[in-house]
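Asks: Heads up: the protein sequence lines correspond to chains V and C, in order. When you read off a place in the first sequence, starting at 1, and then add 266, the result is the number in the numbering used here. When you read off a place in the second sequence, starting at 1, and then add 266, the result is the number in the numbering used here.
No lab work stands behind these hints, which were simulated from the structure alone. Some hints could be false.
The list cannot tell twin chains apart, which means a pair is met if one copy fits it or any two copies do.
Computed list of lysine-lysine pairs in DSS-like fashion (alpha-carbon distance at most 30 Å, straight line) [stated by the list, open to error]: (1) Lys529 <-> Lys569; (2) Lys458 <-> Lys362; (3) Lys482 <-> Lys342; (4) Lys362 <-> Lys272; (5) Lys569 <-> Lys503; (6) Lys453 <-> Lys597; (7) Lys503 <-> Lys362.
Keep in mind it's a predicted model, so treat the numbers as computed, not measured.
Protein chains: 2
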Amino acid sequence: MPELRKDPIHGRWVIISTERSRRPSDFTPEERKPIGGFCPLCEGNEDRTPPEIIAYRENGTPPNSPGWTLRVVPNKFPALRIEGDLNREGDGIYDKMNGIGAHEVVIETPRHAETLATMPLKGVEYVLLAYRDRMIDLRNDQRLRYILVFKNHGVSAGASLEHSHSQLIALPIVPRRVAEEMDGAKKYFNYKDRCVFCDIIRQELQQKSRLIVENKSFLSIAPFASRFPFETWILPKTHYPGFDHMESPLYEQAAQILSDTLKRMNRVLDDPPYNYVIHTSSFSGPESEHYHWHFEIMPKLTKVAGFEWGTGFYINPTPPEEAAEYMREVK
Amino acid sequence: MPELRKDPIHGRWVIISTERSRRPSDFTPEERKPIGGFCPLCEGNEDRTPPEIIAYRENGTPPNSPGWTLRVVPNKFPALRIEGDLNREGDGIYDKMNGIGAHEVVIETPRHAETLATMPLKGVEYVLLAYRDRMIDLRNDQRLRYILVFKNHGVSAGASLEHSHSQLIALPIVPRRVAEEMDGAKKYFNYKDRCVFCDIIRQELQQKSRLIVENKSFLSIAPFASRFPFETWILPKTHYPGFDHMESPLYEQAAQILSDTLKRMNRVLDDPPYNYVIHTSSFSGPESEHYHWHFEIMPKLTKVAGFEWGTGFYINPTPPEEAAEYMREVK
Numbered sequence: 267m268p269e270l271r272k273d274p275i276h277g278r279w280v281i282i283s284t285e286r287s288r289r290p291s292d293f294t295p296e297e298r299k300p301i302g303g304f305c306p307l308c309e310g311n312e313d314r315t316p317p318e319i320i321a322y323r324e325n326g327t328p329p330n331s332p333g334w335t336l337r338v339v340p341n342k343f344p345a346l347r348i349e350g351d352l353n354r355e356g357d358g359i360y361d362k363m364n365g366i367g368a369h370e371v372v373i374e375t376p377r378h379a380e381t382l383a384t385m386p387l388k389g390v391e392y393v394l395l396a397y398r399d400r401m402i403d404l405r406n407d408q409r410l411r412y413i414l415v416f417k418n419h420g421v422s423a424g425a426s427l428e429h430s431h432s433q434l435i436a437l438p439i440v441p442r443r444v445a446e447e448m449d450g451a452k453k454y455f456n457y458k459d460r461c462v463f464c465d466i467i468r469q470e471l472q473q474k475s476r477l478i479v480e481n482k483s484f485l486s487i488a489p490f491a492s493r494f495p496f497e498t499w500i501l502p503k504t505h506y507p508g509f510d511h512m513e514s515p516l517y518e519q520a521a522q523i524l525s526d527t528l529k530r531m532n533r534v535l536d537d538p539p540y541n542y543v544i545h546t547s548s549f550s551g552p553e554s555e556h557y558h559w560h561f562e563i564m565p566k567l568t569k570v571a572g573f574e575w576g577t578g579f580y581i582n583p584t585p586p587e588e589a590a591e592y593m594r595e596v597k
Numbered sequence: 267m268p269e270l271r272k273d274p275i276h277g278r279w280v281i282i283s284t285e286r287s288r289r290p291s292d293f294t295p296e297e298r299k300p301i302g303g304f305c306p307l308c309e310g311n312e313d314r315t316p317p318e319i320i321a322y323r324e325n326g327t328p329p330n331s332p333g334w335t336l337r338v339v340p341n342k343f344p345a346l347r348i349e350g351d352l353n354r355e356g357d358g359i360y361d362k363m364n365g366i367g368a369h370e371v372v373i374e375t376p377r378h379a380e381t382l383a384t385m386p387l388k389g390v391e392y393v394l395l396a397y398r399d400r401m402i403d404l405r406n407d408q409r410l411r412y413i414l415v416f417k418n419h420g421v422s423a424g425a426s427l428e429h430s431h432s433q434l435i436a437l438p439i440v441p442r443r444v445a446e447e448m449d450g451a452k453k454y455f456n457y458k459d460r461c462v463f464c465d466i467i468r469q470e471l472q473q474k475s476r477l478i479v480e481n482k483s484f485l486s487i488a489p490f491a492s493r494f495p496f497e498t499w500i501l502p503k504t505h506y507p508g509f510d511h512m513e514s515p516l517y518e519q520a521a522q523i524l525s526d527t528l529k530r531m532n533r534v535l536d537d538p539p540y541n542y543v544i545h546t547s548s549f550s551g552p553e554s555e556h557y558h559w560h561f562e563i564m565p566k567l568t569k570v571a572g573f574e575w576g577t578g579f580y581i582n583p584t585p586p587e588e589a590a591e592y593m594r595e596v597k
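For reference, chain V alone in the conformation it holds in the complex:
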């Protein structure tokens, strides 16, 4: 019998479809054609990207030259522009504003063949520290209200460059999906005097059926109302509203569990295309205190079609308990 499940944070329902139940081997892997050709993100090609915003250079090499372990550069084709004032205006019943914001690319490694799942742990930690550094800096811009860090890995997950990178978009408004989550977390807190994410963590650590892996400070789970097969969340066990609110040593722990989780995903699903996002509290406002930052990792195994677009309701053919079992047991 299929099951309807409700996400406890923002009330989104999903259909866990048993008729269509699918195991890892049922998903056709993406045709992996190397994109090939010249790579503007590789070491030595620093002049082919816009000038770097920050870079980690252990040997103190000059900006925009080789010798880095990580670079952050503006996106060459930005969805939003950083220059200008925020003008809001109407046009009859419609509202618009000019597209102010930041759109940056985190080049995660100088080496073309490395990914977050295969690079040394220190490299993954640098990536997370770069996210934090950029968040802290962009918080100072009074025009901006939210920063989304996201990653597209693999062609069918929307990556147009093969070289391992993630992106960061800073927005003048809090996006709907995040606002709904913050709102849901606040309502739950007002009703129960507890954080909904902390309650999820407590229940998952107790029931264990959806737990994938944990370390001292983090856990990785297949969420109860997973929208996608093998959807995976990583949450800090301690309540931190924002990704950049943690003490520095925790980023090493976060890197460890992210790397471990992605390695498991590679084994179980044969290096699948995936997207991840960091959901973090917004810049300000007391409601953000009830939020609890986390990673949402979404392997791209099925096609999202008319039903999902029309309803915001997802059909997931792999029960999260089964997904977690595969992910937990793989070596």
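Take the given structure of chain V and dock chain C to it, following the hints.
Replies: Only chain C this time, still in chain V's reference frame:
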């Protein structure tokens, strides 16, 4: 300069990205491999689908035999099951219910090679009348609260069968995206004493820049805050909350504009994969009176990636005014 635009119905923002502006020829058409092989939806293969729920048989041939112009059958791999009682239960902080609902397939034509864009107008009208017949019937089921009609055309839009068909899912809950739209429409009505969709129609007919085509009773537009390149809505000019609330002659007009719009899309975008959904009012409740049914057609030209999943915020590289111009001017 990119522009942020807000959907007046449920407040979703989109980025209309000018840096990445894309014209019809910039989209790589889907690799069109014929799926081929045996087709269970073709005339003569009636025994390969579950028994028909309804069929239009002009010459009165018996059920589940050849001689039909349209059949509606249960989905062989239903996401929801029609048998059973609706049981709601909790599991700690989580909520679930069993997956009660209907999942049906509308086989739009007996002929494998025909599509909604190429079949005779009468065929398109039959498809719309079949949607209406099924909606009216399913409304009687007290366990159900909403019906979504949707269509996946082309492999990358999620179609697993090539033969022209659409689907209908009846749900025990009103899905989030529709509930938000109904809520937005109600708030607008409470504030202005007018329907937001009627106001959109008035402004679009006046400004004309996003108008694609109109007939006596309908118009086809590129919505102001389009999420996707060449997203197209079709709305009735008169206020009807539900798709099945219209007088019978109007379905011919609806078929005419749907056919015309899909033909234009085929010409401009070279037979693109697409999804469409019918957004209609829910079964009951006074709030549904403020709703105004419409088609949302979404060509699948770009990949939805991490940013969109993370935020519910879309980056659209084709301004709707440009899309409408292409669609309007094509022969």
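Asks: If a hint holds in the structure, say so; if it doesn't, say that too.
Replies: For each hint, the structure was consulted:
no.	hint	result
1	Lys529 <-> Lys569	both (23 Å within a copy, 25 Å between copies)
2	Lys458 <-> Lys362	between (38 Å within a copy, 20 Å between copies)
3	Lys482 <-> Lys342	neither (39 Å within a copy, 47 Å between copies)
4	Lys362 <-> Lys272	between (33 Å within a copy, 6 Å between copies)
5	Lys569 <-> Lys503	neither (33 Å within a copy, 34 Å between copies)
6	Lys453 <-> Lys597	neither (40 Å within a copy, 53 Å between copies)
7	Lys503 <-> Lys362	between (40 Å within a copy, 25 Å between copies)
Going through the hint list in order, the structure does not satisfy hints 3, 5, 6.
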